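Once you have looked at the hints, place chains Z, D, P, A, R, B and E with the ligands on chain U.
Residue numbers (this note's numbering), protein chains in the order written: chain U, 633 to 748; chain Z, 875 to 1056; chain D, 116 to 273; chain P, 2 to 105; chain A, 3 to 152; chain R, 8 to 181; chain B, 17 to 394; chain E, 6 to 363.
These are calculated hints, taken from the structure and not from any lab test.
Be aware that one or more of the hints could be misleading.
[Said to hold, decoys possible] Straight-line alpha carbon distances no greater than 16 angstroms define the calculated EDC-like cross-link-like pairs of lysine to aspartate or glutamate that follow:
id : chain 1 : residue 1 : chain 2 : residue 2
1  : D       : K162      : B       : D172
2  : B       : K321      : B       : D305
3  : E       : K340      : D       : D124
4  : U       : K715      : R       : D135
5  : B       : K113      : A       : E26
Given the structure is predicted, the values throughout are model-derived calculations rather than measurements.
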Amino acid sequence: MGAISLIALLVAAIAFSAGGILVGKILVKGSSNPQKGQAYECGIPTDTSPWHQFNVGYYLFALLFLIFDVELVFLYPWAVVVKKIGIVALIEIIVFIFILFMGFLYAHKKGALKWN
Amino acid sequence: MELNETLKGKEVFPGIIHETPGGGIVVSTFDSIINWARSNSLWPLSFATSCCGIEMMSTASAKYDFSRFGFEVARASPRQADVIIIAGTIVNKMAPVLKRLYDQMADPKYVIAMGACAISGGPFFYNTYSVVKGADHIIPVDVYIPGCPPRPEALLHSLISLQEKIKMGMTREQIRGDFKTV
Amino acid sequence: MFIKDYISDVYNGVTSLLKGMRKTGWYFVHPKEIITEQYPDNRATLKLADRFKGEVVMPHDENNEHTCTGCTACELACPNGTIKVVTKFETTPEGKKKKAIDALVYRLELCTMCNLCVAACPSDAIKMAPTFEHSVFDRTKLTKILNQPGSKIKEGIE
Amino acid sequence: MSQGPLIPILLVSTGLFFIGMYGLFTRRNMITMLMAIELMLNSVNINFVAFNKYLFPEKLNGLFFSLFIITIAAAEAAVAIAIIINLYRSHQSIDVDDATEMKY
Amino acid sequence: MTNEAIKEFITATLPSASFDETGEWLNIQIEPTQLLTLAKALREGETNMNYLFCLTCVDWKTHLTMVYHFSSTQHRNSIVVKANLDRNQPSIETLSFIWRTAEFHEREVFEMFGVQFENHPDLRKLILEDEFKGFPLRKDFEDPINMIKL
Amino acid sequence: MDISTIILYAIAACILGAGILAVTSTKIFRAAIYLLFSLVSIAALYFWMQVEFIAAIQIVVYVGGIVVLIIFSIFLTQQSGKEMAKPSAGKILASLGAALFGFLFTANIITHYSWGENPGRIFTVTVDQIGREMLSTTEHGYILPFEVISMLLLAAMIGCIVIALKRTEKTLDI
Amino acid sequence: MIQETEIIKDTTHLGDEGELVVNMGPQHPATHGVLHLVVTLNGETIKKIEPHLGYIHRSIEKMCESLTYRQFIYVTSRMDYLSSHINNLGCALLIEKGMQIEVPERAKYVRVILSELTRIASHELWLGAMAMDLGAFTPFFYAFREREMITDIMEDTCGARLTMNYIVPGGLMYDIHPDFQKKVKAFITQFKSKVTEYEDLVTNNVIFQSRTKGVGILSAEDAISYGCTGPVARASGVSCDIRKLFPYEVYDKVEFDEVIETAGDSFARYMVRVKEMNQSIRIIEQLIDNIPEGDFVGKTKNVLKLPKGEFYTRVETARGELGVYIVSEGGTTPHRIKFRSPGFSNLSALNHMAAGSKIGDLMATMGTLDLVIPDIDR
Amino acid sequence: MFSLEGLTAMIQNWLAANFNPTMILVLQCVIVILLAITLFAVLGLVLVLMERKVAAHIQIRLGPNRVGPGGMFQTVADTLKLIMKEGLTPDKADKLLFNLAPFVVMMVGMLLLAPIAFAKNFQIWDLNIGVLYISSISSLSVIGILMAGWASNNKYSLLGAMRSGAQIVSYELSAGFAVLSIIVFTGSLQITDIINSQENGWWLFKGHIPAIISFVIFIIAVTAETNRAPFDLAEAESELTAGFHTEYSGMRFALFFLAEYINIFIVCAIGATLFLGGWMPLHIGHWEGFNHLMDYIPSSVWFMGKTFFLIFLIMWFRWTFPRLRVDQLLNLEWKYLLPISLFNLLLATVIAIYGWHF
Ligand code: SF4
Ligand code: SF4
Ligand code: SF4
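Looking at chain U on its own, in the form it has when it is part of the complex:
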């Protein structure tokens, strides 16, 4: 039924979630106390906020992911036609993948794939 179904599904998601949350909101009266709104940290009051500058070792993976993801994107149209085009497509893609695999090897060699 076409793209309109996406909108229908979105509406369904919102209705479903909002419905559930609203029912709870309306019917349940919670008690309130000063502790309730505080962040849970194993029962210890916490004063340092996590919204603090913070070291993540993950960003390198996100970088590499981005590159490979773009590559993946180009492979989709290729994969669809490879059977029809045949050997030329194979060679083209071997070159393509080979070049990127070089990058992968380089990353590996440089230790970028070692999470520290």
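Just chains Z, D, P, A, R, B and E with the ligands now, kept in the frame of chain U:
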């Protein structure tokens, strides 16, 4: 100590018994359905301080398996838990933590005091400077289950009792109410 | 060789994982291995160890008589003051004054089932009972009087 | 607007472009500037696709251009962020004002 | 190593130490100021007491006694070193630089008995709340609120 | 107005609204999320234009990749909860003026230019077509750019690694 | 000899640039109770761990000063509740040593068998809990199946499942249950047949191995310096089994090996415990058929008074060396009592072992340290 | 009987006969909305119960059996309770994003339903980039998690969210490559085409070794992408309490909980479609009789059967393995899965081009 006073539980326990506001009361016709749901889906907070916690683990283990009642979804976060099983001694240093955990739980919430320690300090009632003489000095308790430690069946029994109470449609105040009536 | 190591790594990893899965899978298809005992459905058939220390009780015979003399040995032996012996003086038919218990107050909430009181009792008046269904909604209900109302001491026990 | 949806789409892309420009002007933080740049690239992309679809439906060149722009945007973002993080490491700041004074 | 050899070794480094052999193990009584010297000697010398298996304190109402149980994983013999401290201002050198286990044990003794360990890297309360007043394991400790006497 | 036009306007509103929020929000994490919404709405616009392939790519690359990367770099370089300093009023005014002027100018041109639009012709695109054209070696084929892209990606990857792994003296252990 | 500079001075204040200070515990599933760790993180890497204790400090030492020698034994069950029987044994041994009470052979045999059963039960629980820390839930249930058999035996004989309190000075509280031997043998058979399960699910699992090998390394020297005992020290190659070094009860009559690994990492600690279970089975097998007939409790006075002096006993609990140190003034209650608990020392090595590793490694390290917090806090 | 094959056509005809086009559109939307919500609710209930039962049986225990016959209503009770539980928002949280995150996660789940073929001719939207659509939309779910984790203003949440961010994006790659190697065989991204290409055998069997390898990789990758054990680092209970949803309670938590299971269902459905022929019955070569017999089983049953088999597989993993450490997790992806799947893709291409598959 006079006999009568001992029996009436009027002993002056050290510390203050905190009043906690109730909540989570549904006032409508589908009460019973809600209470059925609540009673059958008591997710415990994985809270254990000492020996009784081991028996709580045994209750979770295959032989006793409290998942039969739907309790197995032990949540590590108090936000998602419905019942605290205070399994073990509560000491003065832990008391504010327990209170905070309880406070941070979303309503409705229930409390089971498991073992002598959680009820009254148990073996550590006399001559200790650091043990809270009963978890109900800190947070309201719904079901008490004596024993040191109570055996797993006893914990199951207390859970069933709690279920019964919820199913009876009592509000939280009522569930805890008869604490004051005697 | 690098490639060879790589392949054998993968192979060993996968086989070890498969072994684990075989084990759990085996249990999945063998429901007979389930060892769950269904309390409370098995309440009737549930057999506890007869030594199981569930609470302290005072056995009474059919004449509502017990054997406690009120000697307070149990109170002294108890490490955490669970037992309080409240005594009174009774006059026996012969007119002699005799010490007897008014109430043996037992606070189950404190008891740690250590059995020391039972061991200390010179006249075997109390014993451990294998019960466990003590859950209450009110902690004062856990303070019990072990001697039954109107009970008296058995003849001949000093 | 009897002409079909081309003009509204173009207006959207123009709007987006200038929103991006506004962001680029007002922000001093490199990451937010990068975000503004992404918005501008996207507005260009919309144009390519829209022109292709509504003006030259028999060809695919617009699509390919937007495809390549997305690719280049990704590569650019990756490198930019690598640079930003490196800058941050050496200068503890990713404010452009600080960065202009730096001697690398 | 025999007790005699140990005695000899200790007298060589610390002539003023007195010995008591009535208990299970050799007891060595020293002055608190001598502790560090003795400890270093015990650890580095031929006795090779590398294992401090118990560190505690006893309140004698008149004074406090630090009790150290040393053992050697090489010779397998144990000795007890004791030092009497003034009850009002107890203080002694830390051993945490020599035996790392002492760090925690000393923190415990610090809060339970109030003994100050000089040069301790991190002398804070370990077990009790920070606001806790008094030294609970001392004999005269009173806590009328929390402590119910049987 | 039929449904599809309404949807177009709704999408346009989302794009522009989220875009404006993205460049004005003072919380950087929120700005990233608004950027995300803007990008997703653009993908929705592509869906609306029935170029599903580009729409999917838009989501994969932008949302799955770039925004996640931006979020990580925010964690790494910012106190993500801190309010960012507002630019000075003069700057805002100047930029706003420039942007508005530019927008009105361009909009004027757009609305007055007569586009050779031909609604009669139906534009359809399949992945198959894209693939064929991408791999074809003829004049209109994109095989050369396709292979060059791989070189570009390789260069980008190596560049990233070289830059990111470069340790300056003041390096934090990241 | 450790140089002074080696001790890490506490210079980092809370929340340095790029660092995150996270409280783990006291209510945290991995801290097995109420240990509170203040973990300073740099990304996912642990910079420093600072244990805060006392969330289950029950002042047992103070309490024992007002309990008689008969009474205080039961409190020790609550210290390291997983080795409650061995704790009781340690106290009873001290009293018996101090008062020269003769313990009948039968009682000695039963005490040792029960000690080993306790050890197995404790290790089983540890196995399940550690697997759970590492994210594998199922071994927990398999381990508890075997553990339940032991608790059954305990319940039959001692009347309690966990806090046994079966030992009195001079012997045992009651005689063993008539079915005792039969049940223990059944347990041994069951245990032996299920060992492969743990191997398949845990020991040989590639994920488990990579999570534990080379993680949380503790060298032999550090182990001694930190006063580590039990499986933790033995995994680092330190021979410290009290049962071998200073045999008590009938340990000198049975054959068993002290399990020693040298790697010092989490996997070594794991292996030590697993092998120890087998050694315990070996000990039980040697004793179970030879329990001598006779009294189960020796003659003791009604009121026990320890002579003036100082007494120290050491026993090997499931976690390591438990020292009981009593200063007596000759009365019915001890003047000062100190429990040298194995966990306390083992815990102090945690920072050393886990600093520099990942959060996930902390779970493996803590899991294999096998901490019982009431034992540490007392 | 249970076949849904004719259903869509029936409804279409009925609608066309009775209403004008706009109305039809609206009614169709309403039907889709209702169906999707029902499906969500039912799936959530069934899958959670299934998980508990599977876990229980693996762990030699009974599992929920006291609420309703055989514990059937256990999850109903849980759901009701969760709805009737207070929803908390921490004071210091970013309230907007905190409340938005569950919606995002839910929307992603819903949108993913669009191209899934539940039975023959029973599909919401058979769009021509079906598989690509799935992988693109599912990459959105990471945003919901990152939002939730950041907005909670809780350290565990943030750590968990970042872990899962890195994890999901990484594993998307090998999932993508695994999918690609099947697309090489089918030559189309459209779900119907993919299913139709398996009329005479499923790709898992037709595609030789590359198909099997990519199947394994696919299963591993989607397990990781859905944050399931042994890759459940985002909510690693023993490390980060409850991970990114530590601060969520009540219905909002339930939505995350539900979304996890829905995601599992969807990825398994995709797996079933790509590798096991979707609703295609099992056909073996020229065994006409056998094939005929198989055809009698309705296509929806085939589809559900295959999907639930894969779901069971994933649950089986969860209850068997310990959790990986975060660096090992990334290692596994970048050192093992990615190179292998790249290589495997080439292999598949060769086989496809030379037509060596059946
Ligand atoms: S009641 Fe007994 S078993 Fe339970 S925590 Fe207290 S001492 Fe331990
Ligand atoms: S069993 Fe122990 S605690 Fe209970 S009353 Fe008897 S002596 Fe006291
Ligand atoms: S129960 Fe036994 S010990 Fe206690 S008072 Fe009665 S006779 Fe004496």
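Evaluated hints:
1. Restraint check for D/K162 and B/D172: the C-alpha separation of about 11 angstroms stays at or below 16 angstroms, so the hint holds.
2. Restraint check for B/K321 and B/D305: not satisfied, since their Cα atoms lie roughly 36 angstroms apart, outside the 16 angstroms limit.
3. Taking the CA atoms of E/K340 and D/D124, the gap is about 12 angstroms. The hint holds against a cut of 16 angstroms.
4. A hinted pair counts as satisfied when its Cα atoms are at most 16 angstroms apart, and U/K715 with R/D135 qualifies at roughly 11 angstroms.
5. Between the alpha carbons of B/K113 and A/E26 the distance comes to roughly 10 angstroms, so the proposed pair stays at or under 16 angstroms and holds.
In terms of the numbered hints stated before, the structure departs from hint 2 and from no other.
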